[in-house]
Amino acid sequence: MPFAFAAAVLAAIIGVLGAAATQPEVAFPIFIGVVVFAAVLTGVAVAASELFRQYRQVAAGTQTKLDDITAAERRLRNVVDSADVGLGLADLEGNLTQVSDRLAVIFGRGHDELLKVSITDLFAGEERAMVSKGLARLRDGQLTRWATELSAVGLYMVRLPADPQLLVQATDIAARRRAETLSDCLASVREIIVASAGVDQALPQVLRQMCEHLGWSAGQYWSVDSETRTMRVRHSWNAADALLDGFLFASRGMAVTEGNGLVGRVWQAGILAVEGDLTRATGYEPLRAAQIAELRSALAFPIVQGSEVTGVIELVSRETQTPEVEEVTVLATAGVEIGQFIRRAGIADALRRSEADHRAIFERSPVGIARISDDGELVEANASLLHLLEHDADSMKGTAWPDLMRAYDQAALRQHKAPFLAGISDGGSLQVRAATGGGTWLWLQLTATSIPDSYGAPEHVLVMVEDVTALRETSERLTEALQAQRDANANLEKFDQTKSEFLSIVSHEFRTALTGIQGFSELIRDGGLEPDEVRAYGGYIFNDADRVNRLIGDMLDLDRMESGRMTMRTADVDINDIVMEAISRAAPSATTVEFKSDLDPRLPIVAGDRDRLIQVLSNLVNNAVKYSPEGGTVTLASRVDGRFALVSISDTGIGIPQDEIGHVFERFRRVRSGAAQAIPGTGLGLTIVKQIVEMHGGKIWVESAVGHGSSFHFTIPLAPESAQALQTSNG
Amino acid sequence: MADDFAVLVADDNEVAQRLCKRVLEKAGYPVLIAADGLQAVDIALNQRPAMILMDVAMPGIDGLEAMRRIKAEVPSMPIVIASAHSMSSDRDRFLAAGADDVLSKPFRLADLIAVVAGFAKAKAS
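Sequence lines, in order, name chains W and D.
Heads up: the first sequence begins at 1 in my numbering, then just goes up one per residue.
Heads up: the second sequence begins at 1 in my numbering, then just goes up one per residue.
Simulated from the structure, these hints should not be mistaken for lab results.
All figures in this text were calculated on a predicted structure; none of them were measured in a lab.
Just so you know, even glycine gets a beta-carbon here, dropped at the ideal spot from N, CA and C.
Keep in mind that the hints are not guaranteed to be accurate.
Claimed, not checked - Some residues of chain D that are not near chain W, with every Cβ distance over 10 Å (derived): (1) Asn13; (2) Arg22; (3) Pro30; (4) Arg69.
Claimed, not checked - Listed next, with one range per pair, are the computed distances between beta-carbon atoms: (5) D:Ser88 - W:Glu630: 19 to 25 Å; (6) D:Ser88 - W:Ala490: 40 to 46 Å; (7) W:Pro531 - D:Ser88: 24 to 30 Å; (8) W:Asn491 - D:Glu25: 40 to 46 Å; (9) W:Ala490 - D:Ala97: 49 to 55 Å; (10) D:Asp42 - W:Ser597: 23 to 29 Å; (11) W:Arg550 - D:Glu73: 55 to 61 Å; (12) W:Asn491 - D:Ser88: 26 to 32 Å; (13) D:Asp42 - W:Leu556: 29 to 35 Å; (14) W:Ser597 - D:Ala97: 28 to 34 Å; (15) W:Pro531 - D:Ala97: 32 to 38 Å; (16) W:Pro629 - D:Leu45: 15 to 21 Å.
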């Protein structure tokens with residue numbers, strides 16, 4: 001009786017509304033509330049429909065009206081049947097008496113079939129017991145309404161107020177359940193991704209969550225090896241099952257190429273694919289292992305980075321699984337998110353490795369490295385720098401580094417370079433002298449490199465500090481050696497030049513002497529000369545021959561002295577005695593000058609070679625005579641000068657030009673003034689004198705001014721016992 | 001003919017002066033003596049000898065400088081450099097400096113006479 005059904009539904013709904021209004025504390029999901037609201041609407045519609053139907057039966061006479069009512073009723077019936085909520089009436093035992101089409105659909109039974117069963121028959125096991133219990137309490141009047149959520153159905157029963165009937169309302173919550181599961185699955189995956197340190201840690205957990213949430217038996221992650229262009233299993237998960245282990249093991253041995261098998265196809269196409277029945281599949285690998293593992297279905301979806309498929313996650317199940325569109329969407333989303341995660345993890349890993357590398361370089365570098373803030377403060381110094389400068393981190397920061405910076409700036413100033421903070425970006429290096437904490441002075445080479453922040457502004461500075469002390473010392477020694485070599489070369493060159501000059505001078509001297517010897521002897525040989533002439537010419541010949549002889553003697557003497565082959569016959573010598581002898585030797589031929597002597601009578605004995613000392617004095621006296629004009633005076637003086645006997649020979653002669661004084665003891669350096677040139681000499685005399693004095697351990701020097709004469713002074717060490725005696729008497 | 005062909009001997013070495021004077025006078029040439037470069041220039045320009053026998057290593061100005069000064073005034077005056085600097089490079093150096101001939105010391109007396117006679121003959125002809 002449709003009218004009664006509609007009325008009952010209407011009454012039930014009014015009751016429900018009343019209950020809902022007066023008892024808001026009744027816990028009921030909002031979802032159900034919405035459904036109830038929909039039910040109210042449909043209930044009203046159904047009631048109206050029944051009213052119109054009754055009216056049609058009562059007033060059948062009015063066909064047009066009846067037709068209208070019929071049409072309206074059909075529409076309303078359609079509304080009830082197409083509502084999302086399944087509606088029905090049952091007696092207090094739970095036997096359904098009226099059902100909407102939707103209710104039949106929700107329970108998966110035919111409309112008529114449903115009318116033959118009790119509500120309890122629609123459930124099994126625990127759920128059946130729950131429903132029975134709820135039914136009993138409604139029947140007993142303990143409750144007027146009862147609601148529960150079962151695995152696939154939300155069930156709501158109301159005992160109608162005026163009628164021993166139950167309004168049965170059922171909602172299909174399987175879809176919601178599935179949506180919740182999918183949402184949970186995605187949330188779990190995201191949680192893992194966020195919390196994981198790396199891909200290797202995350203992916204097994206991701207696979208597990210997907211399998212557990214979505215009801216798959218095992219999962220494996222295939223990743224693309226870009227070099228071989230194949231995919232291999234990198235991670236897998238299964239619920240501890242030996243048969244599945246076998247399948248996963250077989251998969252691990254595979255290298256999938258693009259487009260082949262389920263995984264290869266997903267790789268190629270970039271979209272999710274399903275193998276619905278593995279018992280009959282052909283394009284699946286490893287098929288045999290899958291069948292042995294009793295797998296029925298497989299699903300694979302791509303892991304995407306940007307537009308590129310970098311991996312595939314494959315899920316397998318022993319059930320026949322046909323994923324709905326929501327699941328496909330969720331898995332596609334997961335694929336993108338996992339791809340992004342892998343990419344980020346890769347970047348993070350590379351960064352971490354790079355950071356670790358740089359850290360290791362900083363810490364282990366044999367070069368000292370300091371990290372400096374952009375205002376010059378030491379932020380960090382590595383172990384090598386602390387070791388090099390012999391400081392700990394604190395003293396390095398407090399004193400050593402600021403000192404080094406000052407040294408840098410001073411060195412920069414000297415080299416006209418920018419100070420440290422102004423010149424940090426030039427990357428050039430500077431060598432600085434600095435003391436270590438242990439007081440060792442080092443040469444340090446400082447090389448500064450500015451490290452920019454992400455906007456390009458200098459953020460901090462790295463300063464490399466190297467100990468270049470050894471390098472510099474080596475370089476300095478090399479420079480010295482090079483200079484010494486250059487000097488030696490220059491000396492050699494000078495020596496070579498001196499030798500050529502020497503030869504030229506010697507040959508000139510010899511040829512000049514030989515001119516007289518040869519010419520006059522030729523005259524004598526040719527005869528026809530007066531006896532006086534022969535005598536005179538013989539004298540010239542003799543003099544020049546003697547001169548040549550002396551020249552040769554001097555040269556040989558000098559050579560012996562300079563090569564160290566001259567031996568001295570040392571004995572006690574009275575210097576005053578020698579001075580007097582030199583005067584007496586020179587006086588007979590030096591008639592134009594006057595000799596004076598100023599000798600210290602207490603001059604002690606010296607140790608020397610008498611003959612050589614006479615040679616020295618004779619030479620100096622002869623020189624003094626030669627360069628003195630007529631009426632000049634030659635003065636000889638002796639006195640004690642410390643532990644030496646000092647002898648001076650002074651003349652009133654022409655003197656030595658200033659620029660020649662430094663050269664008078666060099667061989668053949670005869671003064672080239674007018675008078676000097678006319679005075680004969682070998683040009684070796686003073687050189688020999690100097691050699692003899694120095695062989696005795698004395699010194700010789702000259703004071704002179706042109707036109708005012710010259711004074712030659714030389715010293716000879718006193719004999720040790722004389723010096724001692726002198727010391728005692730003075731003391 | 002040789003009587004009016006006066007030779008100036010410029011040499012700071014007395015032995016060489018005497019030798020040249022003795023040999024050339026014996027050969028009939030009047031001899032003037034200069035003991036250094038300045039004297040040589042002075043005598044050459046004032047007494048105009050027929051030729052000069054010039055030593056190089058002399059006090060004051062050397063023989064080459066004296067020759068330069070004399071030649072600057074009297075380019076035609078024959079000057080023979082007589083030097084104990086007698087390497088071949090020296091000979092070239094003297095000729096390049098303007099010497100009419102070079103006589104190396106020590107010399108044979110005949111060579112000395114021949115050099116002077118050569119210039120005397122050239123002047124006569």
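Report the numbers of all earlier hints that the structure fails to satisfy, in ascending order. Hints 1, 2, 5, 6, 7, 8, 9, 10, 11, 13, 14, 15, 16 not satisfied by this model.
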